[in-house]
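**Student:** One letter stands for each residue in the lines below.
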Amino acid sequence: MKLFGKICSVLMFIFLYAPIAVMIFFSFNSSRSTYVFESFSVKWYGELFNSSATLNALKNTLILAVLSALIATILGTLAAVGIFNMRSKIGKSAFMTVTNIPMMNPDVVTGVSMMLLFVFIGRLIGAQQYLSFYTILIAHITFNLPYVILNVLPKLRQTDKNLVEAAQDLGCTPHSAFYKVVIPNISSGIVSGFIMAFTLSLDDFVISYFTNGTGFQTLPLLIYNQTTKKTVKPDIYALSSVIFFAILILLIIVNLIQARSEMKLKKNARSGFISKIAGKIGDWFDNKFETRAARLSVISGVLAVCIALSAFGINSLQNKQNDKYTDLFNNLSGVYSTDYAGTELNVFNWGEYISDGDEGTLDVIDAFEHLTGIDVNYDNFDSNESMYSKLKSGAVSYDVIIPSDYMIERMKNEDMLKKLDLSKISNFKYIDNKYKNLFYDENNEYTVAYNAGTVGLIYDTTLVDEEVDSWTIMWDEKYKDNILTFNNPRDCFAIAQFILGQSLNTVDKADWDAAADLLIEQNGILQGRVMDEVFNKMGGGNAAMAPYYAGDYYVMLESNPNLKFAYPKEGFNIFVDAFCVPNCVKNYEAALMFINFMCEPEVALANAEYICYTSPNTAVAENPDYSYYQDEILYPSDEATKKAQYFHDFDPEVRKYYESLWEKILIS
Amino acid sequence: MGSLVLLNIRQQFLLPQRGMHIMSKNENIVVELENIGISFDDEVILDDLCLSIKDGEFVTFLGPSGCGKTTTLRIIAGFTQPDTGEVIIDGNRMNGVPPYKRQVNTIFQRYALFPHLNVYENVAFGLRVNKVDKKEIDERVTAMLKSVNLSGFERRQIHSLSGGQQQRVAIARALVNNPKILLLDEPLGALDLKLRKDMQIELKNIQQQLGITFIFVTHDQEEALSMSDTVVVMNEGKIQQIGSPEDIYNEPKNAFVADFIGESNILDGIMREDKLVEMFGHRFECVDTGFEKNEPVDVVVRPEDIDVVSESEGQLSGVVSSITFKGVHYEIIVDINDFKWMIQSTDSPAVGDRIGISIPPQDIHIMKKSEYSGMFGDYSTFSDEMELLNEVEVDGEDET
Amino acid sequence: MKSSFLRRLINAPYLLWSAIFIIVPLVIVAYYAFTDESGNYTLSYILNIGEYKEVFIRSLVYAVIATLITLVMSYPVAYYMSRSKVSTQKIMMLLVMLPMWMNLLIRTYSWTTILEKTGLINSFLGFFGVEPLKLIGTPGAVILGMVYNYIPYMILPIYTVMTKIDNSLLEAAEDLGSNGWAKLKRVILPLSLPGVISGITMVFVPSVSTFYISQKLGGAQTLMIGDIIQKRFDALSYNTGAALSLIMMVVILISLAIMNRFTDDDDGGIIL
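Here the protein sequences come in this chain order: F, W and S.
For the first sequence, my numbering begins at 1 and goes up steadily by one.
For the second sequence, my numbering begins at 1 and goes up steadily by one.
For the third sequence, my numbering begins at 1 and goes up steadily by one.
Source of the hints: derived by calculation from the structure; they are not laboratory data.
Think of the CB as a built atom: it goes at the ideal place given N, C-alpha and C, for glycine as much as any other residue.
Any given hint could turn out to be false.
Label pairs and their in silico Cβ distance ranges [as the list claims (entries may be wrong)]:
(1) F:121 with S:189: 21 to 31 Å
(2) W:42 with S:181: 51 to 61 Å
(3) F:469 with S:259: 27 to 37 Å
(4) F:160 with S:259: 31 to 41 Å
(5) F:583 with S:53: 39 to 49 Å
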């Protein structure tokens, strides 16, 4: 029995720590892959401290955790005392039931219900943007409260009831008896409640996902974004390794302190070297601060200072590299005013759709911030639809968004976009005429094209040894469990529609039904539906083929040289992503400035190199130094694009129809 | 109630083959401990302990907290394995044999009744584990519950029972398995005084009826003396004395036993010759022999054995420093040559009176000097130490 | 009189808070579930749940399997922990809790490194010439993810209950003739049941409602109800999303109620 238990425990710990060990190991990978280890390197740790997004998220997470834990601790302690003193049994039990709800309810439901509450209130008072830092704070406080209460209540029960009476007998008012007797007696419960709340808040993703506001990204949300988007690089592993070791050290210290206080009770305990040192430090501490309350306040004070310092450190880290943009800024002196310094600009862009300073590239956002003094809050979306819903719901507000063509058409039709003052965007002149006055913006009043792209089929020649020229290969049983496809309705339907020879913009329900049937047929042989996860899958050689955007093929090629790209003969989708300013804009001038900056030849080149999409910027496309200068895949001839089709927007009825079909495809 | 229980148990257990053992005590050795030694964390708990227990005996391990009595019991039960020495039960070496393979049952200090089972299931537990036929289980459990006066309590939950009732369930649970030896680990500790006395009588009666060996652990000397056939006095992992209650009380082997059992005045003396001992410069007649001439010895005089006489008639004399009424007698403290004698007498001299004392020769008990000599003395040290003992026992004794 | 009024007042902030941020949101979920986009009462969203029958069943089946595996894996470990030396217990507790402090997303994601077609396991197998196995994208991978992420929630409550089992009860069982197995079956198991029940609750609820694990480790056909809810809300279909949430809540409550019939909880009020 004992041996069996021991074996089980050993296996259990191997199971628990295997992924963590793997994570730590791969954080030292010199290549970008989280699958194939190349050689040892600490560069991702360096990247970590250079990434303003990560540091910002860390700061946000800490602020949120401390604040929500603090408020929840105060509220929860009061509530626990209240519940404890309640006379009516029914009242007590009702209270406890309500307290249990956030603990028993699935996180998704808690998150969703909080969000609906904010939506509801937002609509009631007509607020434009109902999700903010405060909503995520409220949500965190709410789910922290029960844990504080359940930590404090048992301590109250353990407290001798005569204590309060004794204190009053000795001259305390009920009020001072509470502070002098009750609080010290339950302080350990309060502290552990606070710590629990702090950790829960630190770690929460699901509830934050539904309640966070514009530009307020926490670490879990950052990790979610990074692991659902494009390439997952080892930097996220580096970040987690740092967190892991920080927590490990913290826990060891806590345990040593506990061991010491137990050692005090046991006179003749044998002790090791480390615990002796811990004991010495602890003794000094105890002598210095004699009362428990003093010790607690000192500890919390130190904690607060630590957090403040790290927040401070983060800020100074962000500001330290002022001189790295000198070349760029010399060319731009005088063009950008600093009139809007200190204001905030909220940008909503696709994931990994901007040069971000990674591995020596230009950190565009950071450069813009230094140039203008404007604070940029930069958020990611992973589909036009999710971006649209966020804006449509009114949950958030942004100043610059980068939707695709058909979505621009819809948003324009729904009056969600603001006209651009093109006179303030001098760099508009660089935009190729091919990308002006397109169907979604016939008079070019609302948009400045950012990137263009096409969809093709990417395949791995080690797994596919035939020439690929048709979408139908994606239905070939031979490649069962090796085929990936899009995880969004329009891109996915488009493939079937090309095979069926339909227009991508058909409004005939029968067409849609036929396409859906074809897609359902494909379900059985799919490995999965992916969006940016495709980078790791194809880059790591984990799937034979995937339809994806042409530019991304080059990114995948870096990690898997066996990949090839084909434009299927049935035709393919072509798209344009463009800068727009939504109606809910708050900082219009800064938004125009930002768009103009993004079209600067150097900036646009950095972005084009980084993103690898087709650049509509002539200053880039005609630059012979550009890596993809006259590239056939990115800049196909007019002949090659003859069968290419744009997505157009539909009226809600068609949209609803194909979305319900999509749902059916997903769950069948 | 006590006699009723007795009657029931008799009916239940007067089985033919058992009956033979009841009246005449079997002289067979049922438990034998040879040179048992055990220590935890470098602390010696039992040191070279040797002990034989006869079949059908009521043996009590008596000693202060930490003396090793519970550990000895656990070694017999099989919960603890000794580091050295042999455990022999019924002629078989039992070292390493797990508890569930020993025909020994235990009544635990706080009963250890299973909270998730009701009364009936608690009692039936051992039978069920041993796959006894269902019908037989029912018969035996019902009969057992009846005999401990718990009929009608079958479906009750354990936590709804009083301490005395729980005690009975624990007894029934152990006895229903017809053990050869019953181990009792301070089973009466949690009961109040009145109930405790009743249970003492009941347990003794049960033991006499069944004729099985009871090994009883207690720190209560009165309990030990009134129930046992044999008392084993232990201290610091060693057996101090084994004997009948009378022997232990009347002929303590050393100062520790004398002090621990009953109340006593322990004095330094010198054996001048056989049957003559000198204390405080006065020679007393006694009945002990076999000491060296002029050997320093410990002398024990029980408080109730001292006669109060007039100053002139006494062998020794002194001033009464306090007197307390105790019901059947007075407790008189007399200061004689700076030694506070405790005397229990029906006489009641006043404080400050000078009185004489006289001790009959047969009540002077001579002991060889031992490691305990000088540790226990007159009344003043005795009371301190008693408080200490009481205090420790409140926490219960957990010698694992 | 005055002090008792003050005492009542101490409850007020929490009472208000829990009313606004716990009760009202649930009412609003119900409101959205029973209305259409323009706020008119309708049952259509609730009645349409049938379309998601398979997803619901899949979620329940996965969650139940994951919970059972977790239980079987945790029980011996919790027992071994509870009967170890105090210092060993502390270290083991620390080791069990440490991964919980790591972000769930990253813990889940690092499994992809192990399970992918070119991941560690398949690389290892490939070393021996074994064809790569399809590990990721399978129901097994999703269940593995659930087991991995939630196993501490099973170990801890069972362990806590087991440390409270008085050693003398185990000795009594042995004394009455139980060998290891009988001791487990007749004493340890029934006495640790409350811990097992709360462990099951703490694993089952997040498993059935998870929405990240299946996206990362699952494939095209392992979508869970949590994923659908997330997608519905991301696509602004609040009504469908609310209806799904409501039904899921009810399903979970029913499951918990069934389980709670096996124990009587003596503390902390009823679970609805």
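**Student:** For every hint, state whether the structure bears it out.
**Tutor:** Hint check:
no.	hint	verdict
1	F:121 with S:189: 21 to 31 Å	violated, 49 Å
2	W:42 with S:181: 51 to 61 Å	violated, 35 Å
3	F:469 with S:259: 27 to 37 Å	violated, 57 Å
4	F:160 with S:259: 31 to 41 Å	holds, 36 Å
5	F:583 with S:53: 39 to 49 Å	holds, 41 Å
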